[in-house]
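Undergrad: Produce the entire structure from the sequences given, and follow the hints as far as they go.
For the record, in the sequence shown the residue sitting at position 25 is 25 according to my numbering, with numbers rising by one throughout.
Cβ-Cβ distance ranges computed for the label pairs, FRET-style:
{"no.": "1", "residue 1": "Met-58", "residue 2": "Glu-26", "range": "20 to 26 Å"}
{"no.": "2", "residue 1": "Thr-66", "residue 2": "Cys-21", "range": "17 to 23 Å"}
{"no.": "3", "residue 1": "Glu-14", "residue 2": "Pro-49", "range": "29 to 35 Å"}
{"no.": "4", "residue 1": "Asp-57", "residue 2": "Glu-14", "range": "30 to 36 Å"}
{"no.": "5", "residue 1": "Glu-14", "residue 2": "Val-51", "range": "29 to 35 Å"}
{"no.": "6", "residue 1": "Glu-27", "residue 2": "Ser-67", "range": "29 to 35 Å"}
{"no.": "7", "residue 1": "Glu-27", "residue 2": "Thr-66", "range": "26 to 32 Å"}
{"no.": "8", "residue 1": "Ser-47", "residue 2": "Glu-14", "range": "27 to 33 Å"}
{"no.": "9", "residue 1": "Met-58", "residue 2": "Cys-21", "range": "19 to 25 Å"}
{"no.": "10", "residue 1": "Ile-60", "residue 2": "Lys-23", "range": "18 to 24 Å"}
{"no.": "11", "residue 1": "Ile-60", "residue 2": "Lys-29", "range": "19 to 25 Å"}
None of these hints come from the bench; they were simulated from the model. Every residue, glycine too, gets a C-beta built ideally from N, C-alpha and C.
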Amino acid sequence: MSAKPEPTPEPQQEERRYCLCRKPYEEDKVMIACDRCDEWYHPACVSMPEVEVDLVDMFICEKCATSKWRTLSD
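TA: The following block contains the structure:
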């Protein structure tokens, strides 16, 4: 009787990384999205108090704010 080979585990999909700190999403952490590039940031990583996140109407990350592709309406 021949033994069946052990199934090889599926390679785990790499977790998506966010923010300047490149950490994965954590459900219990507050984050804010850039309104231009849709990247998500931890408030502390962009020098914003967490209590201000809900008060922000529009957030533009530093990368987008200094991009050479800024529109003339900025």
